[in-house]
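Could you build the full structure based on these sequences and the hints that come with them?
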Amino acid sequence: MLTLDHVGKTYPNGVRALDNITLAVAPAEIVAIVGGSGCGKSTLLRAISGLDTPSRGRVLLDGEQVTRPHEKIGMIFQEPRLLPWLTVADNVGFGLEHRPRDEREALTAAALVRVGLSDKAEAWPRELSGGQAQRVAIARALVPQPEVLLLDEPFSALDAFTRADLQDHLLDLWADLRPTLVLVTHDVDEAVVLADRIMVMRPQPGRLYEEIASELPRPRDRQSAAFDFVKRRVLAALDRSLAKPVTVDDTRTTSSQGAALWW
Amino acid sequence: MRTGVKGVRALTQFFAPTSHPSPHSQALVGEGRRVAFRGSVMSLVRMTATGEPATAEPKHRKLTLARFTRPALGLLLPLVLAAGWEAAVHFHLGNGRLVPPPSVIYSTFAELAATGELQRHALATLARVAAGFGLGVAAGTVLGALTGYSSFMFRLLDPTLQALRAIPSIAWIPLFILWLGIFETSKVVLIAVGVFFPVYLGVTGAVASVDRKIVEVGRLFRLSGVAMVRRILLPAVLPSYVIALRSGLGLGWMFVVAAEFMGASEGLGFLLVDGQQLGKPAQIVAAIVAFAVIGKLTDWLIVLVTAPFLRWEDRVRTSTVED
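As given, the protein sequences belong to chains A and B, one line each in that order.
In terms of my numbering, the first sequence opens at residue 1 and continues consecutively.
In terms of my numbering, the second sequence opens at residue 1 and continues consecutively.
Calculated from the structure, these hints are not laboratory results.
For every residue, glycine included, the Cβ atom is placed at its ideal position computed from N, Cα and C.
Hints are supplied without guarantee of correctness; some may be wrong.
[To be verified] No farther apart than 20 angstroms at their CA atoms in a straight line, the calculated lysine to any residue pairs in the SDA-like style are these:
hint: 1; chain 1: B; residue 1: K213; chain 2: A; residue 2: G130
hint: 2; chain 1: B; residue 1: K213; chain 2: A; residue 2: T87
hint: 3; chain 1: B; residue 1: K296; chain 2: B; residue 2: L146
hint: 4; chain 1: A; residue 1: K72; chain 2: A; residue 2: A24
hint: 5; chain 1: B; residue 1: K213; chain 2: A; residue 2: S156
hint: 6; chain 1: A; residue 1: K72; chain 2: A; residue 2: G130
hint: 7; chain 1: B; residue 1: K213; chain 2: A; residue 2: D90
hint: 8; chain 1: B; residue 1: K213; chain 2: A; residue 2: L23
hint: 9; chain 1: B; residue 1: K213; chain 2: A; residue 2: S42
hint: 10; chain 1: B; residue 1: K213; chain 2: A; residue 2: E153
[To be verified] Which chain A residues stay away from chain B? Per the calculated CB distances, all over 10 angstroms, these:
hint: 11; residue: M75
hint: 12; residue: L208
hint: 13; residue: E215
Rendered as C-alpha cells:
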C-alpha cells in the first residue's frame, strides 16, 4: 500500500511545485497522473521514488516512511538511462549485484525472455532501437521485483506504433507480476488504456484536481465507445484544471468519432 | 485491435537492427587520427557517456583497396622527397652534409643501435618520461577528481591552476634548476608539470560532466559512495580520461626534450644537442626518428591497455571524425 500524506514541495526559490497531495494507491492498482506541463507531476513521482524529499508531508510504503530510494520502489524514466558501458544483460542485472552470480544470471535471462530481448543479451545499449532500450529499462526495473513501479512519461519519446506495443507489453508484465504502477503521462490515451484511476493535476501549486475512475475491462479497445467516453471525461477535466472553457463534451456516452469507428 | 497491435509488434521486430560490424574492426579504423582531432573527439566521447542510445547503425566497412590506398596517398610526398634527396646526393647534385640522405640516417641509426648507445639514451629518456608522467597523472587525477566532484574545490583551486597553466612551462626551467638542481629531479618535475595540465583539465571536465541522469540510476539502486564511484563514475569518465592521458603523454615527450636540453649526459635529447655541437646532423635526425617511434609506441600502449574497457564506446561517431 502506497500512501501520500499531505505531501508538499517548495523549491528553495519559493516555487510551490506540490501542495497538499494526499493519495492512497492499493497494491496492484494502476494510477495515471495527467496534467499540463509544469503541474508538478514529475516532481510528485520523484518525491515518491525518494530521489527528492518532499518539504512537507510523508510518503509511506506499507506504513514505512520513504525518505530515500527504496528497494521495493522501482522507476522508469522517459529515457531508458541504460549504462552504455554495460551489456544489455548486465544492465538488466544492475540491481542484483549483491545476489550470487548464478541467481543473478538466471533472473536476468528470465527477465530478458519476458521482454523478448534474449537475443540482445550481449549487445551494447547503443545497438538497440529506442523501443528495445526502453524494454531493457523496464526489465531492469522489474528484476528486483518492486512492489511499486513508477513510470515518468515512459513511452513519450517513442513513435506511436512502438508506444502502443510497449503499453500492451507493460500490461502483460503487470498481469504476471502485479506491482503497483504509478504512471505520469501527458498522453491521455495512454492514461486511459493503462490506468484503473486517472488523477488530473492542476499547476501552480501542483494539486490533485480531479479523480476519474476507469473500470473498462482489459484488454482495452482503444477504438471503443467506452474508451472514448473515459477519454472525454479526462480531457474535460484537464480543460477545467487549466481554467479553460471546456471544449470537450463529456456528457454524451458516445462521441461522433467513436460512433464512426463503431459502425 | 489486438491483432493489429501484434502485427505492429512483428513489424517493429522486423525493422530492429540485426547486424553490426565487430567493435574490433571499428577500433582499428577509428584509431589513427584521433589524437589530431582531440578536441572534437573529447566532446564526442562525452556524448557517448550520457546513455543516449545511438539509433543510427554503423555502415559495414568493407575491406576495399581504397581503404589502404587512401592513407598510402599521404606517404607519397615524403617518399618522393626522400628518394629525390637520396638521388640528388647520389648524383652529387648536393653534398648531403647538413641534410643527410635517408641511407646515411639509416646507417647512423643502425650504428647507434649496434653499439647499444641508442638503447642507453632511449632508456634514460623513457625513464624520465615514465617518472614525470606518473607524477603528473597522479596529481592531475587527484586534483581533477576533487575539482570535478566538488564545486567548492573547483572555485577554490581552479583559478590558481588555470593561472599556472597560462605560464609557458619552459619558463619554469631556470627556477627548477635553482630549486632542484641540474640532475634528474628538476627534469622529472618539469615533465610532470607538462603532463599535469591536460590530465587535470580532462579529469575535472569529465567528472563534472558525468550525466546526472545516470547518477540517478545509481541512486535508485541505492549504491553506496564507493559503489557509485566504481560502478557509475569511473566507467563514465574513462573515455575522456584515456584521451587526457594521451594528451598528457604527448606533452611529456615534448617536455623531456626541453628537460634534456638544459643539461644531460644521456638521453635522446642529449643526442640532439651532441649532434648539433659535433656537427652530426644524421645523429640528430636519428634521435628525432627514435622520438617518433617511441612516442607512437607508448601512445599505442595506452590505447591497447584501455581498449578492453572501452569496447562499449560508439565508434560510429569516431569514424565520422576520421572521414
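Hint check: K213(B) vs S42(A), CA-CA at most 20 angstroms. Holds or violated?
holds, 14 angstroms
Would the hint linking K72(A) and G130(A) be met if the CA-CA limit is 20 angstroms?
Judged against 20 angstroms, a Cα distance of about 26 angstroms means the pair is violated.
Can the restraint linking K213(B) and T87(A) be considered satisfied, given a maximum Cα separation of 20 angstroms?
holds, 18 angstroms
Quick one, are K72(A) and A24(A) close enough, alpha carbons at most 20 angstroms?
Status holds; Cα separation ~17 angstroms.
Next pair to validate is K213(B) with G130(A); report whether the Cα-Cα distance is within 20 angstroms.
holds, 17 angstroms
K296(B) and L146(B) were given as a pair; does the straight-line alpha-carbon distance stay at or below 20 angstroms?
violated, 31 angstroms
20 angstroms limit on alpha-carbon distance, applied to hinted pair K213(B) and D90(A)
holds, 18 angstroms
In terms of Cβ atoms, is chain B entirely out of 10 angstroms range of E215(A)?
holds, 19 angstroms
Under the criterion that the straight-line Cα-Cα distance not exceed 20 angstroms, is the pair K213(B), E153(A) satisfied?
Since the Cα atoms of K213(B) and E153(A) sit roughly 15 angstroms apart, the hinted pair holds (cutoff 20 angstroms).
Given pair status - L23(A), K213(B), alpha carbons within 20 angstroms:
violated, 27 angstroms
Would you assess whether M75(A), listed as outside the interface, keeps its beta-carbon beyond 10 angstroms of every beta-carbon in chain B?
With a cut-off of 10 angstroms, M75(A) comes too close to chain B, as the shortest Cβ separation is near 6 angstroms.
Taking only the CA atoms, is the gap from K213(B) to S156(A) under or equal to 20 angstroms?
Satisfied, since the Cα-Cα distance of roughly 17 angstroms is no more than 20 angstroms.
Violated hints, in rising order: 3, 6, 8 and 11; the structure is consistent with all others.
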